Amino acid sequence: QMCIRDRYQRRVHGDQGFVIKMAGSGYDYDVSTLSPEGKIYQVEYAMKATENSSTILGMVCKDGVLLGTEKLIVSEMMVSGSDRRVYSVTKQIGMVITGLLPDGRCLIDRAKEESASFQKQYGIPITGKVLADRIAQFMHMNTIYLWARPYGCNIIIASLDEGTGPALHLIDPSGQCFGYFGCAAGKGRQIARNEIEKLGSKNLTCKECAFHLAKILHKCHEEMKEKKFELEMSWICPESGMVHQMLPKDIQKELEARAQETLEKEAMADVQSQIMKNINICLLYTSD
Amino acid sequence: MESTDRFVPVRDGTTIMAVVYDGGVMLGADSRTTEGSLVYNRVSDKIEPIHKRIFCLRSGNSSHTQKIAQLCRLYVSQLGSELEQAPPVYSAAKIIQSFIYNYKSFLSAAMICAGWDPVKGPQIYTVPLGGTLVREKIATGGSGSAYMSGFVDTHFKEGMTRKECRDFMIQSISLAMFRDSSSGGIIRLVDITKDGVSREYISHDQLPLKQPLSLIH
Chain A
1 QMCIRDRYQR RVHGDQGFVI KMAGSGYDYD VSTLSPEGKI YQVEYAMKAT
51 ENSSTILGMV CKDGVLLGTE KLIVSEMMVS GSDRRVYSVT KQIGMVITGL
101 LPDGRCLIDR AKEESASFQK QYGIPITGKV LADRIAQFMH MNTIYLWARP
151 YGCNIIIASL DEGTGPALHL IDPSGQCFGY FGCAAGKGRQ IARNEIEKLG
201 SKNLTCKECA FHLAKILHKC HEEMKEKKFE LEMSWICPES GMVHQMLPKD
251 IQKELEARAQ ETLEKEAMAD VQSQIMKNIN ICLLYTSD
Chain B
289 MESTDRFVPV RDGTTIMAVV YDGGVMLGAD SRTTEGSLVY NRVSDKIEPI
339 HKRIFCLRSG NSSHTQKIAQ LCRLYVSQLG SELEQAPPVY SAAKIIQSFI
389 YNYKSFLSAA MICAGWDPVK GPQIYTVPLG GTLVREKIAT GGSGSAYMSG
439 FVDTHFKEGM TRKECRDFMI QSISLAMFRD SSSGGIIRLV DITKDGVSRE
489 YISHDQLPLK QPLSLIH
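From first to last, the protein sequence lines are chains A and B. Going letter by letter, the first sequence gives residues 1 to 288 in my numbering. Going letter by letter, the second sequence gives residues 289 to 505 in my numbering.
With the rest of the complex left out, here is chain B:
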């Protein structure tokens, strides 16, 4: 098909991850956006704010996921002002699901919605390509997630402390970025708790895996 040769969509190749720990939820993502083999943006931000304590992680076609996140923000803000209290994370996830499910033949988007609300505490909901909605304690997504699944399955435990969770996520995402060509750059982390939201990034020289491991000395 000629059209696909000339127009290569901008994709978040991505490694995205969200983990519930004891006291909140932490979201992490790499920062590489690709257009075919061109690294379009090496410091992109795949963690989108939806509401004060609700964020979403984007993977798939960049334009699709940005639009979905924008619309989700609009509806969730309306819900928040109608309820006059913090909107439930489930509602934000439901809105994302309704877009991805109803327009699945047009969209290529997989998103993770995570946050904190007063009724259910820290939560993570995944909405993969087909439009399922699943609640999880740990969620990974994007092309890089395959390369870290062994590590994640071995080392994840429920109810980690904030420091343990942060170290676990930095290690996992570095492993994925190391092996996946569509993931790279810096690691962005967002921590959501009852008391607030904090953002940080781990720059390249602070990543655990800096040098390629050579198999033959």
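So here's chain A without its partners, still in its complex pose:
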């Protein structure tokens, strides 16, 4: 006696539906199905798409907000700068995407439309929180209906409003949206989050924090040292005229050079302290 769902599986997927027992074991064929444990597997798979992608991070500082991402250089023949990840949605709101990039670009277009229609109707620029809520709702809509799939990207929205000041919002494929003082997503998120937590207590300005974020992005990339990568960073702060702007190229180069130097020094310091430990151990053994 087969239940309706099993009969459907057998008819649609044939015997394969039963032989291949994947993690979802039959409850993951569409986003409108909940599993018995209460999970929506399609949404979880969408989140997996973002887990293995480029690291993105953001940080709220004393006088503004910063965004950053690392980009693997896919081909030497690609025109540098054509693979954009960080976009300006309005003058004072920026967005960075990770995961399936075309999905992300679609969401950025949507964000621009929402901002424009809000400004047209209410006469004031949209605030970061309202935009983040709207985009989160929009992403969530794709997790309810049978005919759509979830957006496979994580988004960080950075904003600077007259009333509420600098803000950061992280949205994941399920449509969950939270405000943060510092957040990260993508492959290196664990390392990034630990480092950002340490930064949080220091109460830095954007200029000082940009160096630290460059360092964190380089650190996140250390596992794949052989692959070339470049950084894309942006800020909204007094140095940029309180407007969302990419970090000027010369400042970025200088920060990256400093970041690499510091990381190398720290690595050397690590190695040296290891050597000292070993020497001490040797001395312990050799002294009678």
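Hint data in this document are derived by calculation from the structure and do not stem from the laboratory. Since this is a predicted model, take the numbers as computed values, not measurements. Heads up, the beta-carbon is just placed ideally off N, CA and C, and yes, glycines get one too. Check before you lean on any hint, since a few could be wrong.
Here are the simulated DSS-like cross-link-like pairs (lysine-lysine), alpha carbons at most 25 Å apart as the crow flies [what the hints assert, rightly or not]:
| hint | chain 1 | residue 1 | chain 2 | residue 2 |
| --- | --- | --- | --- | --- |
| 1 | B | 482 | A | 91 |
| 2 | B | 451 | A | 120 |
| 3 | A | 120 | B | 408 |
| 4 | B | 340 | A | 129 |
| 5 | A | 120 | B | 355 |
| 6 | A | 62 | B | 408 |
| 7 | B | 408 | A | 129 |
| 8 | A | 120 | B | 340 |
| 9 | B | 482 | B | 408 |
What follows is a set of in silico ranges between Cβ atoms, one per label pair, in the way DEER data are often shown [claimed, not checked]:
| hint | chain 1 | residue 1 | chain 2 | residue 2 | range |
| --- | --- | --- | --- | --- | --- |
| 10 | B | 488 | A | 242 | 36 to 46 Å |
| 11 | B | 391 | A | 144 | 35 to 45 Å |
| 12 | B | 392 | A | 110 | 25 to 35 Å |
| 13 | B | 407 | A | 179 | 16 to 26 Å |
| 14 | B | 418 | A | 257 | 53 to 63 Å |
Got chain A; can you put chain B on it based on the hints?
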């Protein structure tokens, strides 16, 4: 045109006025609504609430202005719940402007939107018949405003106290009501500050000008 003879729209002939003083903004209006030469309502309320600290004054065709104020209230309440803070007065004025401008060939409405918000403090925005949006420290409107413009231009000063502002407005509106046949009744006043909103009305026997001034003794 025959249709205009038989159907005379209900109009707020009106004198309306809003003044920013030191600490808030005060709105004042008369209370006469006319249908041709009939005084349809002698105690009407032309000061409409839009939000907790935002009000608007209506002049022109009553039905048009009431509808615009209703729609403005709807949109501003949506904005307030989305922003989760006091909506800006500018947004309320923008919504009124979008109606009056886009439907100007169908509407006969001139409105003044005034209020207080935490970012810009007390503000007044006028939206006259064509749909311009202008921010002002003092705004007058309606048919009676012409009769008080001399007085207002002479006696208005920025940063008045609440008492000075109240006396100034009562005097101006009385002068307008005295000379304009479409304005009369009582004076309604609404005072909006950071701490709250208070309403009052000045009844006929308390108006400064009670007796018609006779030129020949």
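Against the structure, the hints come out as follows:
As the CA atoms of residue 482 of chain B and residue 91 of chain A are separated by approximately 30 Å, the hinted pair breaks the 25 Å bound. Proposed proximity of residue 451 of chain B and residue 120 of chain A is contradicted: the alpha carbons are some 39 Å apart, above 25 Å. Straight-line distance between C-alpha atoms of residue 120 of chain A and residue 408 of chain B comes to about 20 Å, which keeps the hinted pair within the 25 Å bound. Restraint check: the Cα-Cα separation between residue 340 of chain B and residue 129 of chain A comes to about 22 Å, which is no more than 25 Å; the hinted pair holds.
A C-alpha spacing of about 21 Å is found between residue 120 of chain A and residue 355 of chain B, which places the hinted pair at or below 25 Å, so the restraint holds. Between residue 62 of chain A and residue 408 of chain B, the direct Cα distance comes to roughly 23 Å. Compliance with the 25 Å bound is thereby established for this hinted pair. Under the criterion of a C-alpha separation no larger than 25 Å, the hint pairing residue 408 of chain B with residue 129 of chain A is consistent with the structure, at around 20 Å. Between residue 120 of chain A and residue 340 of chain B the alpha-carbon distance is near 23 Å, which keeps this suggested pair within the 25 Å criterion.
As the CA atoms of residue 482 of chain B and residue 408 of chain B are separated by approximately 11 Å, the hinted pair is consistent with the 25 Å bound. Taken as a hint, the range 36 to 46 Å holds for the pair residue 488 of chain B and residue 242 of chain A, whose Cβ atoms sit roughly 43 Å apart. For residue 391 of chain B and residue 144 of chain A, the Cβ-Cβ distance of about 37 Å falls inside the hinted range of 35 to 45 Å, so the restraint holds. For the hinted restraint 25 to 35 Å between residue 392 of chain B and residue 110 of chain A, the CB-CB distance of approximately 32 Å keeps it satisfied.
The hinted window of 16 to 26 Å between residue 407 of chain B and residue 179 of chain A holds, with their beta carbons roughly 20 Å apart. For the hinted restraint 53 to 63 Å between residue 418 of chain B and residue 257 of chain A, the CB-CB distance of approximately 59 Å keeps it satisfied.
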